[in-house]
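Student: Heads up: the protein sequence lines correspond to chains X and L, in order. Going by my numbering, the final residue of the first sequence carries number 348, and the count climbs one at a time with no gaps. Going by my numbering, the final residue of the second sequence carries number 348, and the count climbs one at a time with no gaps.
Hints listed in this document are in silico derivations from the structure and should not be mistaken for laboratory results. The reader is advised that the hints may include incorrect statements.
Note that identical chains are pooled: a pair holds if it fits in a single copy or bridges any two copies.
Taking lysine-lysine and the DSSO-like style, the derived pairs with C-alpha atoms no more than 27 Å apart in a straight line are [said to hold, decoys possible]:
(1) Lys207 <-> Lys308
(2) Lys308 <-> Lys228
(3) Lys73 <-> Lys103
(4) Lys320 <-> Lys259
(5) Lys259 <-> Lys228
(6) Lys206 <-> Lys308
(7) Lys209 <-> Lys308
(8) Lys320 <-> Lys228
(9) Lys308 <-> Lys298
(10) Lys298 <-> Lys207
(11) Lys279 <-> Lys228
(12) Lys182 <-> Lys308
(13) Lys308 <-> Lys183
(14) Lys206 <-> Lys298
(15) Lys145 <-> Lys329
(16) Lys4 <-> Lys308
(17) Lys103 <-> Lys12
(18) Lys12 <-> Lys87
There are 2 protein chains.
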Amino acid sequence: MMIKPVFWKNNKVVMIDQNALPLCERQLICSDYRQVITAIKDLTVRGAPAIGVAAAMGAALGALSIPAEPVEKFQKTFHAVCDEIEKSRPTARNLFWAIERMKEHLGSAILSGKKNLAGELVKEARRICAEDIEINRQIGQHGSKLISDGDHILTHCNAGALATAGYGTALGVIRTAREQGKKLHVFVDETRPVLQGARLTAWELKKEKIPATLICDNMAGFLMQQNKISKVIVGADRIVANGDTANKIGTYSLAVLAKSHRIPFYVAAPISTFDFSLKTGASIPIEERNECEVTHFKGAQSAPGGMKVYNPAFDVTPAKLISAIVTEKGIITRPYSAAIARLHKGTN
Amino acid sequence: MMIKPVFWKNNKVVMIDQNALPLCERQLICSDYRQVITAIKDLTVRGAPAIGVAAAMGAALGALSIPAEPVEKFQKTFHAVCDEIEKSRPTARNLFWAIERMKEHLGSAILSGKKNLAGELVKEARRICAEDIEINRQIGQHGSKLISDGDHILTHCNAGALATAGYGTALGVIRTAREQGKKLHVFVDETRPVLQGARLTAWELKKEKIPATLICDNMAGFLMQQNKISKVIVGADRIVANGDTANKIGTYSLAVLAKSHRIPFYVAAPISTFDFSLKTGASIPIEERNECEVTHFKGAQSAPGGMKVYNPAFDVTPAKLISAIVTEKGIITRPYSAAIARLHKGTN
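With the hints as extra help, turn the sequences into a complete structure.
Tutor: Set out below in structure tokens:
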């Protein structure tokens with residue numbers, strides 16, 4: 001059965017509560033856009049494409065609560081809702097992409113004299129969700145060409161169905177390769193501090209009986225040294241014009257290690273993850289999260305009280321360490337700037 | 001007040017229960033050598049030099065329980081106790097070094113006609129403990145020459161007072177540099193899966209008010225990329241004839257990252273950590289520990305039930321990635337083989 005972490009049902013946004021996984025499979029049902037904001041902030045829904053879908057649906061929920069007339073006031077209030085949603089998390093490009101698309105859709109709907117503006121926004125949010133699954137399938141098709149029978153693939157964090165509307169980006173590539181009959185083994189970085197690998201990727205792979213082994217993040221280098229990893233594939237939170245890529249903290253270290261061991265390092269992400277406005281990764285805002293994520297696990301404390309903590313949620317991998325980026329339009333390789341400029345042109 | 005993780009008192013071995021730290025400071029008192037074996041296995045006492053001291057004291061406890069006569073039977077039974085203790089953990093050289101020293105001491109005591117053989121063994125175990133503290137002070141003196149005022153030093157696992165008889169190897173270097181008035185900041189890798197950094201190193205540094213920041217292991221590369229780390233210093237569990245060094249899992253990844261960022265990477269360890277019999281690190285036995293260390297923290301489960309786990313407790317850093325090794329006899333640098341051969345000669 002397909003894993004759908006966020007979807008629209010009866011004018012509500014239904015989410016898999018990813019904080020409860022893997023021990024408990026339960027849903028959060030949001031009837032107010034503020035609940036969606038909280039869910040994005042507290043990681044009930046996470047993963048750049050899934051955050052994008054949740055943001056669009058949150059905006060649609062907000063639209064349903066705004067009086068339809070006068071149209072100008074509707075638009076102004078909708079924009080205010082969008083501003084609130086945009087403040088939920090700073091790094092994933094898809095959040096801002098989805099909100100921009102919703103605002104543009106409202107603008108077009110107003111221009112073409114549509115009556116039920118909120119209804120239009122709901123349709124657009126659902127379209128973003130449906131498109132994302134299709135896009136992931138295309139990423140899977142393209143990316144699977146990079147995967148060989150017998151590969152031992154390392155992945156970091158969760159770039160799976162749970163990180164998207166369904167199917168996944170990096171895990172989508174692995175799923176497609178498996179559907180093609182390739183035999184694979186996946187090494188799953190547990191991904192401190194929030195353990196998206198141990199909690200979410202392990203859960204997805206186990207559910208689909210894809211052979212997988214869980215490791216701590218600091219074991220990846222040792223596995224590479226022993227020739228136990230043939231490829232690395234990860235998702236992305238923001239890819240800028242030169243190919244520099246923000247992704248879950250730890251990705252940069254993996255890319256350096258992969259380079260040092262001559263192991264291909266792939267990024268899989270939809271075009272909605274690209275930020276064509278930023279020239280290099282140095283401009284990507286990196287979210288710092290609460291120190292409790294590092295010092296506590298499910299209430300159990302590991303570090304001494306009052307210990308100073310640094311907890312950046314993402315890092316930036318320079319383009320030169322990335323062997324290829326897989327998008328729904330195909331695989332791009334160095335030099336990335338030209339290829340990304342062509343992708344940008346294609347979106348206009 | 002000096003932290004003493006393992007010491008002899010009233011014919012018992014007293015240990016700080018390191019599994020209870022940092023939340024609870026309590027002692028384990030062992031009156032039987034089998035308790036010492038359990039404490040080594042379950043990490044109540046850990047860290048290569050501390051394991052050596054505990055093993056020697058465990059052997060001494062065993063000796064106290066053996067009938068003094070006939071001497072030949074005493075020696076045979078003592079050797080059997082030693083064999084049991086040696087099976088507790090496979091990687092740290094100091095365990096085997098300490099047991100060999102205890103056996104040799106018994107041999108000498110018998111030859112010189114000593115009457116109270118158990119008493120002699122107790123004295124030797126206490127001597128190993130006292131010497132270790134003195135050795136750490138010497139390591140600190142030598143190693144502090146590598147540390148500059150204003151350094152930001154990354155350390156992994158716990159190579160502190162808790163990992164030795166007191167004072168520490170890598171943290172001993174940091175302590176001495178501080179005593180010399182150098183201003184330092186320490187970044188502490190939490191060190192998955194057992195969190196020796198978060199639980200033990202953070203506790204030691206906090207206790208002594210040494211400025212420190214806790215990070216997840218996968219953040220080290222990002223800090224290096226941002227020029228926030230000027231040096232890396234770690235301890236060692238076994239150093240072989242060519243300088244290859246086994247240490248806590250994750251050390252190898254750090255060494256690769258340090259090399260890639262041109263950051264000096266230092267190892268601090270006593271000569272008892274050297275295994276002159278092994279030519280390269282490929283021959284070092286690497287302990288694999290229980291998967292629960294990865295999937296659970298204090299009873300809270302993070303990964304799905306039945307998930308396959310790989311949990312090596314150590315990795316091997318090739319000598320070429322190590323900028324210098326600090327011992328009680330001074331600092332050695334590449335080529336290590338010659339310098340280590342000289343150390344070996346000095347011990348004979």
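Student: Give a verdict on every hint.
Tutor: Hints, verified against the model:
1. Taking identical chains as interchangeable, the C-alpha atoms of lysine 207 and lysine 308 lie at most 27 Å apart only when they sit on different chains, with a minimum of 13 Å there against 38 Å within one chain.
2. In this assembly of identical chains, the alpha carbons of lysine 308 and lysine 228 lie at most 27 Å apart only when taken from different copies (16 Å versus 36 Å within one copy).
3. For a Cα distance limit of 27 Å, the shortest separation of lysine 73 from lysine 103 inside one copy, 14 Å, qualifies, whereas the shortest one across copies, 88 Å, does not.
4. Both within a single protomer and between protomers do lysine 320 and lysine 259 lie at most 27 Å apart by alpha-carbon distance, with minima of 10 Å and 17 Å respectively.
5. In this homomeric assembly, lysine 259 and lysine 228 come within 27 Å of each other (Cα to Cα) both inside a single copy, at 15 Å, and across copies, at 22 Å.
6. In this assembly of identical chains, the alpha carbons of lysine 206 and lysine 308 lie at most 27 Å apart only when taken from different copies (10 Å versus 36 Å within one copy).
7. When the C-alpha separation of lysine 209 and lysine 308 is checked against a cutoff of 27 Å, the pair qualifies only between copies, where the shortest distance is 12 Å, while the shortest distance within a copy is 41 Å.
8. Proximity of lysine 320 and lysine 228 under a CA criterion of 27 Å is satisfied in both settings, with 23 Å inside one chain copy and 22 Å between copies.
9. For a Cα distance limit of 27 Å, the shortest separation of lysine 308 from lysine 298 qualifies both inside one copy, at 20 Å, and across copies, at 22 Å.
10. In this assembly of identical chains, the alpha carbons of lysine 298 and lysine 207 lie at most 27 Å apart whether taken from the same copy (23 Å) or from different copies (26 Å).
11. Within a single copy, lysine 279 and lysine 228 get their C-alpha atoms only as close as 36 Å, which misses the 27 Å cut-off; across copies the closest is 24 Å, which meets it.
12. With identical chains, the CA atoms of lysine 182 and lysine 308 are at most 27 Å apart between copies only, with a shortest distance of 20 Å across copies and 46 Å within one.
13. Only between protomers do lysine 308 and lysine 183 lie at most 27 Å apart by alpha-carbon distance; the minimum there is 17 Å, versus 45 Å within a single protomer.
14. In this assembly of identical chains, lysine 206 and lysine 298 lie within 27 Å of each other by CA distance both inside one copy and across copies; the values are 22 Å within and 24 Å between.
15. Taking the closest pair of Cα atoms, lysine 145 and lysine 329 come within 27 Å of each other only inside a single copy of the chain (14 Å); across copies the shortest separation is 56 Å, beyond that limit.
16. Taking the shortest Cα distances, lysine 4 and lysine 308 sit within 27 Å of each other only across copies (25 Å), while inside one copy they are farther apart (38 Å).
17. For a Cα distance limit of 27 Å, the shortest separation of lysine 103 from lysine 12 inside one copy, 20 Å, qualifies, whereas the shortest one across copies, 74 Å, does not.
18. With identical chains, the CA atoms of lysine 12 and lysine 87 are at most 27 Å apart within one copy only, with a shortest distance of 21 Å there and 60 Å across copies.
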